[in-house]
Amino acid sequence: GNSVTQMEGPVTLSEEAFLTINCTYTATGYPSLFWYVQYPGEGLQLLLKATKADDKGSNKGFEATYRKETTSFHLEKGSVQVSDSAVYFCALAQTGNQFYFGTGTSLTVIP
Amino acid sequence: DTAVSQTPKYLVTQMGNDKSIKCEQNLGHDTMYWYKQDSKKFLKIMFSYNNKELIINETVPNRFSPKSPDKAHLNLHINSLELGDSAVYFCASSQGGAGSPLHFGNGTRLTVT
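Line by line, the protein sequences are chains A and B. Per our numbering, residue -5 is the first one in the first sequence, and the count goes up by one each step. Per our numbering, residue 30 is the first one in the second sequence, and the count goes up by one each step.
Treat each hint with caution, since some may be false.
[Claimed, not checked] Once the Cα atoms are required to be at most 20 Å apart in a straight line, the calculated SDA-like pairs of lysine to any residue come out as:
no. : chain 1 : residue 1 : chain 2 : residue 2
1   : A       : 62        : B       : 128
2   : A       : 71        : A       : 59
3   : B       : 100       : B       : 83
4   : B       : 70        : A       : 6
5   : B       : 73        : A       : 34
6   : B       : 81        : B       : 100
7   : B       : 70        : A       : 100
8   : B       : 73        : A       : 100
9   : B       : 69        : B       : 135
10  : B       : 65        : A       : 40
11  : B       : 65        : A       : 33
12  : B       : 96        : B       : 74
13  : B       : 73        : A       : 2
14  : B       : 70        : A       : 35
15  : B       : 70        : A       : 4
16  : B       : 96        : B       : 108
17  : A       : 54        : A       : 10
18  : B       : 65        : A       : 100
19  : B       : 73        : A       : 18
20  : B       : 70        : A       : -1
[Claimed, not checked] Residues from chain B that keep clear of chain A, each with C-beta distances beyond 12 Å, as calculated:
no. : residue
21  : 41
22  : 48
23  : 93
24  : 115
[Unchecked claim] If the Cβ cut is set under 7 Å, some of the chain A residues that face chain B in the computed set are:
no. : residue
25  : 36
26  : 37
27  : 45
28  : 81
29  : 91
30  : 98
Hints were generated in silico from the structure; no laboratory data involved. Every residue gets a Cβ at the ideal spot worked out from N, C-alpha and C, and that includes glycine.
Chain B extracted, bound-state conformation (with noise of 0.2 Å):
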C-alpha cells in the first residue's frame, strides 16, 4: 500500500491555465506538507497542515492555494499557471513530535510551456 500518493504524476499545461494536484496519505500522520522541488533539486517548503489548519505558510504567490478537506488529503490548486512555476512539487506527511521524520509522495513534475 502507498503510504504518500499523489496525483497527477506528470501535469504538463500551457500558461494562464489552472491545475491542481492532490495527495493523500494512509499512514494516520497530523500534518502534512507541499515542498516544491526545482531543477537543481533544491527543496523548498511551501505550506504545511496540522489537523486541516494550516501553520506553515512561507512566501509563496497567492496563485498557490492549499486545502485540506480533511487530515489524510492536502490539495494544491494553481491559478494563472506561469512559466517559472514548472518543477516537482512533492507532498509529504509527518506525525510530528521530535524525531518524527518526513513521508513523501513519488512528486508531481509540472511542466509550464
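One chain only, chain A, in its complex shape (with noise of 0.2 Å):
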C-alpha cells in the first residue's frame, strides 16, 4: 500500500539554525512526492514538489531531494526564520488523483 511517515514533533530551533524533517514513504510504482506548510489559521500551501527519482524539490530556501533508493524526501533549510513556525507535511500522489499525508511536523522558530 501507500504511506508516509514524518518525523514527530514539535521541532522547536533557534533563529538561523539548520532545519532537517525526515520524511520515508511506501509506494507501489512512481509517486510524486511533496511537502506542504500549514500557516496558523490558514489551508495547506504547496511548498515544493518532485516527480522523479533524484529530482530536488526548492523553494523559499527549502530543499527535498526525491531518493527512490531509500524511499525517502527530507526537507532541509539552512537557516530559518521565525516566520518558518509552522506545520510541514509531506504528502504522496499516485496516479488516480489519491494524496496520501503524513501526520505532520510542527516547527517552532524562537528568536
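Take the two lone chains and join them into the complex the hints point to.
See the structure below:
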C-alpha cells in the first residue's frame, strides 16, 4: 500500500539554525512527492515537489531530494526564520488523484 | 483572486442540527476533494469528485453527503451533527495527472456543542 511517515514533532529551533524534517514513504510504482506548509489558521500551501527519482524540489530556501533508494524525501533549510514557524506535511500522490499525507511536524522558531 | 474558497470560515452549531459547507474553485481543475483535519492536525480524505463524478468515497458516516453541481463547486452537507464532527474541513482541488499538486481552501472550523 501507500503511506508516508514523517518525524514526530514538535520541533523547536533557534533562528538561523539548520532544519531537517525526515520523511519516508511506502508506495507502489513511482509516486510524486510533495511538501506542504500550514500556517496558523490557514489551509495547506504547496512548498515544493518532486516527480521522479533524484529530482530536487526547492522553494523559499527549503529543499528536498527524491531518493528512491532510501524511499525518502527529507525537508531541509539552511537557516530558519521566525516566519517559518508552521506545520509541515509530507505527501505522496499516485495516479488516480489519491494523495497520502504524513501526520505533520510542527516547527517553532524562536528569536 | 482566491483560487479555492470555502464558506463559512467558522461554523458553530448544536448537536443534531444539519449544516452545509460550500466550496468553489476558479482554477479550472477537474478534481475536487474534502479533507477533515482533527485537533492533532491529522488529515483524512473524505471524498473526491472528478468532473462531477464521485471517485473517492472513504469510510465516513453516511450523515456526510457531498454534492457537486458542476466541476467548479463541491459542497458538503452534514446531517444530525455529533460532537465528534468538530474539526476543520478543507476543500481542495487538483488538475490531476502525475505531479499535479493539491490547492487547498482556508478551511471551515466546525464546532459542535
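**Request:** Against the earlier hints, flag every one the structure doesn't satisfy and list their numbers going up.
**Result:** Checked against the structure, no hint fails, so every one of them is satisfied.
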